[in-house]
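S.K.: From first to last, the protein sequence lines are chains L and H.
Using numbering that gives the first Met the number 0, read the first sequence as starting at 0 and increasing by one per residue.
Using numbering that gives the first Met the number 0, read the second sequence as starting at 0 and increasing by one per residue.
Hint data in this document are derived by calculation from the structure and do not stem from the laboratory.
Hints are not guaranteed to be accurate.
Have a look at the derived ranges for each label pair, beta carbon to beta carbon [stated by the list, open to error]:
#1 L:Thr8 to H:Ala401: 42 to 52 Å
#2 L:Gly105 to H:Gln400: 24 to 34 Å
#3 H:Gln400 to L:Ala12: 40 to 50 Å
#4 H:Gln327 to L:Asn91: 53 to 63 Å
#5 L:Lys33 to H:Glu405: 48 to 58 Å
#6 L:Val26 to H:Lys476: 48 to 58 Å
Computed list of lysine to aspartate or glutamate pairs in DMTMM-like fashion (alpha-carbon distance at most 20 Å, straight line) [said to hold, decoys possible]:
#7 H:Lys449 to L:Asp177
#8 H:Lys449 to L:Asp46
#9 H:Lys449 to L:Asp43
#10 H:Lys573 to H:Glu584
#11 L:Lys112 to L:Asp177
From the three backbone atoms N, C-alpha and C, an ideal C-beta is built for every residue, glycine too.
One letter stands for each residue in the lines below.
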Amino acid sequence: MIELITHNTLYSALIALGGLAAVFGAVLGFAAIKFKVEGDPLVDQIDELLPQTQCGQCGYPGCRPYAQAIVDGDAINKCPPGGQTTINSLANLLDVDAPSLDEEHGEESEVKKVAYIREDECIGCTKCIQACPVDAILGAAKQMHTVIASECTGCDLCVEPCPVDCIDMLPLAQEIKDWSWELPQSLPLIATDRTHAADDAEEENAA
Amino acid sequence: MRQIWDIPGGIHPPENKTQSTGDAIANIPLPAEIVLPLNQHIGAPAIPCVAVGDKVLKGQVVAEAQGLVSAPIHASTSGTISAIEQRFIPHPSGMMSDCIVITPDGEDQWTTLHPVPDYKALDHAELVALIRQAGIAGMGGAGFPTAVKLNPRADRKVHTLILNGTECEPYITADDMLMRERADEVVAGTLLLAHILGTPETILIGIEDNKPEAIAAMQAAVDKHAQQSRGIAIDVVSFPTKYPSGGEKQLIQILTGKEVPSGQIPATIGIVVQNVGTAVATYRAVTFGEPLVSRITTVVGETLKQQRNIEVLIGTPVDHVLTLHGYQAEKKSRLIIGGPMMGFTVEHTNIPVVKTTNCILVPSNEEIPPTQPAQACIRCGMCAEACPANLLPQQLFWYSQAEDTEKLEQHNLFDCIECGACSYVCPSNIPLVQYYRASKGTIRQQELAKKQSDRARQRFEFRQERIAKAEAEKEAKRLARKKAAEEAKKKLAAQAGNEPEKNAATSSAAGSTTPVPKTPEQASTGATDTNQLPKLERALSSAKSREERAQQQLAEAKANGEDARIEPLSARLKQAELKVKEAEEKLKAYQQGENLPSSAVPEKLQQKLSLSPRQKAEKNIETLQKRIATAEEKLAEAEQANASTTDALRQGVEKLNQKLAEAQRELEATAEDGITAEKGAAAVDAPTMSAAEIAIAKAQAKAAAQASMSDDEKNQAQIASLQKRLDKARERLAKAEAENNDNIDAFRIGVEKLEAKLAEAQQPQTTP
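This is chain L alone, in the form it adopts within the complex:
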């Protein structure tokens, strides 16, 4: 038997490869059980990148469900609050081309908005409290409600249920502490650009 194997290269190769396959299979099988990852880590990673406004504009009830949907193959451009930045980072994570925002789900707003309840008009129906995905509205039945501005994600969801339309979405006033320098807007010129620019200016003046 051993002679047969040693004399026949084909058999020895087959046995060697088969043996290796068996060993690696066992190791991999063991690793698959031992180092099994519970849940889908990709969902967490995507959820991490989403803005957590929980606004549901993507069509899913919250950011995590959308993260799950992306893992299941949904488009990554359905998040208006996150805007292009989020789309880009998602594209980066998933290694796909970054599409532009799907306008169907809403437009990216320039400024962060928070809900504001006109407290004189509030009738205390608690409808907005039930709608708020992050429990940022305070109040009780037949008592005036108010928005905890620092917790408000600006998701808009409380505006619709209000029977007396006393909720406004107001842009968050920029304060000095939130201010930061802006990137210089002027693109660096090269020498030829400058002469062209000068020519253009002259032409315009002539015209």
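Dock chain H against the given chain L, drawing on the hints supplied.
M.R.: Same frame as chain L, but now just chain H:
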């Protein structure tokens, strides 16, 4: 001579320091109003503690510190609070912020001060509290609250105190003039700071060698102090001029050769650096009880007729200062708060001087021309050579343009001190520092947004969890209610006892024995019988469950020792057992009974299909008669038992009778077709027929005879039979009347009908 070290990079811009050092530090007249921004320091803004209209004295607190890293604000002159409102403040954003506005009364009257001539009598905490109360924030430009800096963590022993008199930035000479004129106060302040910090082994005063007068003055003051021999050695160290050696970390490196680790503060390596101006302010705050209400500021620039240093009250509007110095607005290129390297341009002159304003620079266009448009980076590397923090400015520039925050952080963007040396040396005029500042801001905002989104996620998830929990609780309650309701129902049923049970059983039995089939075929196929099986099974299972429950209850009662309950319960159990047995028997009987007909059904159907109409009719009559017989039996039984079902049974019998009559008529109709051959067949079958069948056969024979009769004969025969039936019916009626039976009416109708028929039959006889 103490050893000094060098820092990497650095530049040598034109110093421009001589313009403002010609005159001594001056005082200026009071302005028309004093504007005190609530946030002149790093940290939380102060909270106003005065109201509009209040009279305040110089040095009185108008806004309290909020939180640990904060500083209070004092009225810098006596007067009236005229407003607390948004005003423009010296800030690169050019935005407005909350300010307390004081209209001075011109008296400049101090509030009651609490001087402490011998600070050594106070302990560390008291001194730090005094300094905090005095509202002192770093006077060098950053404005970090001094009290916080003087209160390092207990595990960090401060071994070196450095007084920063470097003032490396061009144009600014405030510290230079301070050291020249008030060297004694600087030394006194240094000793106080040293005392607060637990007397570090090394106390250094670092001054660049472009300030020989200041160095000389300081040396003299230190020598004087040494002569008084207080036992604390202070070293005045001068070192070569180079921008930005006045940066805290750079100065530490120059004087001690140590580097502050990235992202750490100097206290981690046992060093505290204070500006000389801060030292003086601290000294005055403790020794004379004077809070920080004024500072020395350099007012400089070619657009001014007079360039000098002034001691100016905090909150003095910049335009007031500029007007007093012969400001020519038309020559101005811009207004810079701070120096040309690290200062920022502001649009408005209606901003106040604050605690950190060390210079007001209003250069002409020739002096500091407007920035040239940026050109492409040629990767010359000069910025990297100039960087005092050993960073790679051009790499940072690329990543900043690409907004690659990850790479920026990898390249230690946050170690950039924003000194502007890289921008200064850039041959392409790229505003590098602006890129870094913008990127730092973006990263900070992103971090903040991340924190907020994490919080939002947490709140969202918590809410989901809470809702799910509430839902589950509701569901559990609902189920519990449902179960309780079911049990109550069962209990009620069980308590109602056997009576309704029996009724149900008998009624179901009656239902099975007196079916009301729609057609005779259906009845014969046993379609109704198949419904019977599940019913019986259900009855059995319910009986079983009742038995079980009874057992349980009994066991419980026994366990609890409720003797009173045991007897009725055991009785109930016995009853239940009996019921189960009964139900089982019924089911068994049914199953046995069903097995036969179910298998016989196709056969029966076959037979039926092969039957002639006449045979069919005969069969029909046969089954009907059978059913009538059983129904009548039942009726009799029911009457005997006086059960409530008697009426139903009786009606069933009647219906069957009607059906039978119909069937007989049908048979007559088929017989009229005149198939005589069948007569024989029927006769042959006769011996095997039952009594009813014989009767039918008789009827058939009669019908056959009728068929062979003439019309007259037929009629007569019919009349005869009708009269017979009528007689019978009348007899029945009479009997019923005698018994006072419920069905008299039915009988009577029957009699009437027969009479009508008889009349009809007799009519045609007379007409032809």
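S.K.: Could one say that the CB atoms of Lys33 (chain L) and Glu405 (chain H) fall in the range 48 to 58 Å?
M.R.: The hint (48 to 58 Å, Cβ to Cβ) is violated, given that Lys33 (chain L) and Glu405 (chain H) are roughly 32 Å apart.
S.K.: 53 to 63 Å was suggested as the range; check whether the CB atoms of Gln327 (chain H) and Asn91 (chain L) agree with it.
M.R.: Because 54 Å falls inside the window, the suggested range holds.
S.K.: Check the hint pairing Lys449 (chain H) with Asp43 (chain L) against an upper bound of 20 Å on the C-alpha distance.
M.R.: holds (14 Å)
S.K.: May I ask you to test the hint 48 to 58 Å on the CB atoms belonging to Val26 (chain L) and Lys476 (chain H)?
M.R.: 52 Å Cβ-Cβ, so the 48 to 58 Å window holds.
S.K.: In this structure, is the beta-carbon distance linking Gly105 (chain L) and Gln400 (chain H) contained in 24 to 34 Å?
M.R.: holds (29 Å)
S.K.: Against the range 40 to 50 Å, how does the distance between the Cβ atoms of Gln400 (chain H) and Ala12 (chain L) compare: consistent or not?
M.R.: violated (57 Å)
S.K.: Holds or violated: Lys573 (chain H) and Glu584 (chain H), Cα atoms, limit 20 Å.
M.R.: holds (17 Å)
S.K.: Do the alpha carbons of Lys112 (chain L) and Asp177 (chain L) lie within 20 Å of each other, as the hint requires?
M.R.: holds (14 Å)
S.K.: Do Thr8 (chain L) and Ala401 (chain H) keep their Cβ atoms within the hinted range of 42 to 52 Å?
M.R.: violated (56 Å)
S.K.: When you check the alpha-carbon spacing of Lys449 (chain H) and Asp177 (chain L), does it fall within 20 Å?
M.R.: Between Lys449 (chain H) and Asp177 (chain L) the Cα gap is close to 15 Å, so the pair holds against 20 Å.
S.K.: With a cut-off of 20 Å on the C-alpha distance, tell me whether Lys449 (chain H) and Asp46 (chain L) pass.
M.R.: holds (12 Å)
Checked against the numbered hints listed earlier, the structure breaks hints 1, 3, 5; every other hint is satisfied.
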